[in-house]
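Asks: In terms of the working numbering, the sequence shown opens at residue 28 and continues consecutively.
Please note that a few of the clues may not be correct.
Quick list of simulated restraints, FRET-style, between CB atoms [what the hints assert, rightly or not]:
| # | residue 1 | residue 2 | range |
| --- | --- | --- | --- |
| 1 | E198 | V77 | 15 to 23 Å |
| 2 | S69 | K109 | 17 to 25 Å |
| 3 | K40 | S69 | 44 to 52 Å |
Lysine to aspartate or glutamate pairs mimicking DMTMM-like chemistry, simulated, CA-CA at most 20 Å apart [what the hints assert, rightly or not]:
| # | residue 1 | residue 2 |
| --- | --- | --- |
| 4 | K168 | D141 |
| 5 | K40 | E53 |
| 6 | K123 | D141 |
| 7 | K40 | D74 |
| 8 | K109 | D141 |
| 9 | K172 | D141 |
| 10 | K168 | E192 |
| 11 | K156 | E198 |
| 12 | K212 | D181 |
| 13 | K156 | D181 |
| 14 | K176 | E164 |
| 15 | K109 | D126 |
| 16 | K57 | E43 |
| 17 | K57 | D74 |
| 18 | K176 | D209 |
| 19 | K156 | E90 |
| 20 | K95 | E53 |
| 21 | K33 | E53 |
| 22 | K95 | E161 |
| 23 | K212 | E115 |
| 24 | K109 | E195 |
| 25 | K172 | E195 |
| 26 | K176 | D141 |
| 27 | K123 | D184 |
| 28 | K106 | D74 |
| 29 | K95 | D48 |
These are calculated hints, taken from the structure and not from any lab test.
Yeah, the Cβ is synthetic: ideal placement off N, Cα and C, and Gly gets one too.
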Amino acid sequence: LEQVPKEIFSFEKTLEELYLDANQIEELPKQLFNCQLLHRLSLPDNDLSVLPPAIANLINLRELDVSKNSIQEFPENIKNCKVLAIVEASVNPISKLPDGFTQLLSLTQLYLNDAFLEFLPASFGRLTKLQILELRENQLKMLPKSMHKLMQLDRLDLGSNEFTEVPEVLEQLTGIKELWMDGNKLTVLPP
Numbered sequence: 028l029e030q031v032p033k034e035i036f037s038f039e040k041t042l043e044e045l046y047l048d049a050n051q052i053e054e055l056p057k058q059l060f061n062c063q064l065l066h067r068l069s070l071p072d073n074d075l076s077v078l079p080p081a082i083a084n085l086i087n088l089r090e091l092d093v094s095k096n097s098i099q100e101f102p103e104n105i106k107n108c109k110v111l112a113i114v115e116a117s118v119n120p121i122s123k124l125p126d127g128f129t130q131l132l133s134l135t136q137l138y139l140n141d142a143f144l145e146f147l148p149a150s151f152g153r154l155t156k157l158q159i160l161e162l163r164e165n166q167l168k169m170l171p172k173s174m175h176k177l178m179q180l181d182r183l184d185l186g187s188n189e190f191t192e193v194p195e196v197l198e199q200l201t202g203i204k205e206l207w208m209d210g211n212k213l214t215v216l217p218p
């Protein structure tokens with residue numbers, strides 16, 4: 028498929044889950060964002076380069092998978108997707124997250140492996156419900172101090188980044204059960 032089939036939109040009042048994995052879809056049509064009941068949108072392994080601002084219309088969206096595309100950024104108004112709990116956006120050339128992303132206060136799982144992230148927003152610690160955070164294969168050198176608020180964090184993957192030391196803020200995250208920091212440039216370990 029090179030585009031979202033128009034037939035889908037005859038179900039726009041009832042559609043709750045949409046799976047269009049592994050196609051060649053390059054853009055998302057406006058009608059898609061009229062599907063108000065949509066709570067799961069799965070579009071991995073396509074040719075998307077833009078996540079349109081209209082995604083903010085999907086106010087019931089709980090799960091979004093746009094991994095393995097060519098998306099460079101999230102729109103600022105993604106913050107309007109207030110019940111979004113799981114975001115899988117690995118393998119995209121995303122270099123930064125907008126501040127609006129840190130207003131996704133229902134987020135429990137974030138997968139942003141193999142992207143181009145150099146830093147996280149200073150307000151990243153607002154995502155206090157995060158349990159799983161995967162940021163493997165980016166260009167991160169440090170973490171924002173606000174991350175000490177992520178007390179529900181269970182798994183943190185920072186493997187294959189640019190860290191030269193274990194970030195101090197991790198000492199405050201006492202609930203972490205899995206911490207991955209392999210493939211970094213660590214020269215010292217904390218006592």
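Asks: What hint numbers does the structure not satisfy?
Replies: When the structure is compared with the hints, numbers 1, 3, 5, 7, 8, 9, 12, 14, 18, 23, 24, 26 and 28 turn out to be violated.
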